[in-house]
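Starting from the given sequences, assemble the full structure and let the hints guide the process.
If you read the protein sequences in the order shown, they are chains A and B. Just so you know, we're using the working numbering here: the first sequence kicks off at 237 and counts up by one. Just so you know, we're using the working numbering here: the second sequence kicks off at 4 and counts up by one.
Derived from the structure by calculation, the hints contain no laboratory data. None of the values given here were measured: they were computed from a predicted structure. Idealized CB from N, CA, C, for every residue including glycine. There is no bait here: all hints are sound.
So these bits of chain A aren't anywhere near chain B, every CB distance computed over 10 Å: (1) ILE321; (2) ILE381; (3) GLU460; (4) ASN534; (5) ILE610.
So the derived label-pair ranges between C-beta atoms look like this: (6) ILE550(A) - HIS218(B): 54 to 60 Å; (7) ASP175(B) - ILE637(A): 36 to 42 Å; (8) PRO55(B) - VAL251(A): 46 to 52 Å; (9) ASP651(A) - SER41(B): 24 to 30 Å; (10) ASP175(B) - LEU605(A): 52 to 58 Å; (11) LYS252(A) - GLU216(B): 36 to 42 Å; (12) GLY82(B) - VAL547(A): 52 to 58 Å.
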Amino acid sequence: MITPGRLFRDIQLGVKNLLLHKLRSFLTMLGLVFGVGSVIAMLAVGEGASEVALEQIRKLGSRNIIVTAQKPAEEQGASNVRSFISIYGLLYQDEQRLQGTIPTVKRIVPVKIIQKEGRLKNRSLEMRVVGTNEHWFGLVQRPLIAGRVLTKLDIDEKSSVAVLTEHGARRLLASEGVIGETLRLGSNYYEVVGIVQSESATEGAMQTPDQMTDAYIPLTAAREHIGDYFTQNKSGSRVRELVELHQLILEVDSEENVEATAGAIERMLATFHKKKDYSINVPLTLLRQAEATKRTFNIVLGAIAGISLLVGGIGIMNIMLASVTERTREIGIRRAIGAKQRQIIAQFLIETVVLSFTGGLFGIGLGLLIPWVIEKIVGMPTIVRMSSLVLSLGISVTVGIVFGIYPAMRAAALDPIEALRHE
Amino acid sequence: MTDRREQSGGADYAVRFENLQKIYKMGNNEVRALDGVSATFEKGSFWAIMGPSGSGKSTMLNLLGCLDRPTAGKYYLDGRDVSKLDDDDLSDIRLKYLGFIFQSFNLIPQLTVEENIALPLYYLGWSASERTSRAQELAALVGLEKRLRHRPTELSGGQQQRVAIARALSNDPVFLLADEPTGNLDSVNSLEIIELLVKLNHEGKTIIMVTHEPHIAAHASKRLYMMDGKIQKVEG
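Here's what the structure looks like:
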């Protein structure tokens, strides 16, 4: 009974009827246009924001555990005393203990961070010197641009070599021919052996010591050349600190073991540290929390979307009911001529579906435009997923069917004799 | 769509009523709008149904037009018993075998003359090109071949009624059912329309016309007078 050709003609008829009342059809659609548009836009902004957060966490490594040295709270007040030496942080011993006792820990990267002035030829730059070992580059996954990264041999030999970040290298020497040059850090000289890509500086709660102008040198060399004492000039008073390691990054053999391993590390460090001078961050936990937040966010969005589409649907139903009343006589004529009830239903239902589908398409247009504008003007990252387009168009059409069926059935149920008499 | 012109049920009458009754219940009262009507409308005849308001004329029209079902009795349309059909089947009967002409023309204002004429063919499932050629043929028959692209509102009343007649003829019905076809027209246009109907009747169309105007009814070959739900008399 329903052939494609017939359906096509019915759709043509529907479009024609809608075009007879362009303004009314447009206004009817408007509810769905804004409903669909705002759903897509909200999802895009939400996706964009959470993607940034997730990406930051993912970069930290889902199998990694990051232990960071933290100045204990009670010492912050005491450090105002002149020339007080504040001793805190992770110890070289911690690294060895963790290495030996927790079997799920695959690799450990110790990190020592010192601010030094770097000087190359006649340029100088305040740099963050990161003393670490050869595993750093494996765990942090920074692509090598030129030369080589630190090797085990460098660590063992306490070689005076440094790896720069691309950004730092550019600022020290406006070319990449920096390899082989000699970099002065403080009072020591290092041969530049490699350049790794710098990570664009993003604001995040947690940062690995991987800023734009880092110089990576063997931890062994850092210990020997720079030592563990730091002097900071702080509001007129000098603060001396003794910190052996600023960070330990531990790689666990598998994701399932991450949380148990973090617990083990916590217990172990608690045994040997009298003060709580470290914090343990587990990117995986953060990732899970972020994902859970995202799910909640999506549920809330879904509810808002549902309400706005419901409103759009009620608008459609309202107009279609008015349209049925207005076209009572037409319905009577069609019925008298021999149109069946289901053909009248089809006629009106097709109109609402055409309306809601077109509204959905305009809504998609709006939903693509808004995130684009937000990205251009506010600079917030947005991600429009194909699935959100398909989903919202599908819901829009469903709304059209659901809210169109009642007016259509009202139209079909009209008594042809009464309908023909209608003025 | 094997042979869409095959309309004849094989009977020698277009319509036969056997003791047709239509009773409306109004609370506890029964209104016998049709109270046992028996009649036969032969093929090729031109009937006028007359009577004052309340005589059962409109009820008869609705039953004849398969827009309503009788409470009791039989209605044979060209040999088919249509008295007990459901809404869908009645729609089908109207679509295939009946042609309506209304007092107020009842054209769809949004559609062109051509689309109005071809509207039944749309529901019969004809293709667009078939519909167009049939509409042109019928427009020529009623003298409106130059108005196919116009909207009904751009035409005079007489022209609109011609469009309605062309539409009623589009499915080559068993009979044309005209409800006061000249009721909304001036005398000149009335005459034109009634002459067109007479001409169609001479070409073999069966026509049943409901009217209360004696001078219009005079053009019919037979006249049936209704009174109080019964046939009062038949002339001609």
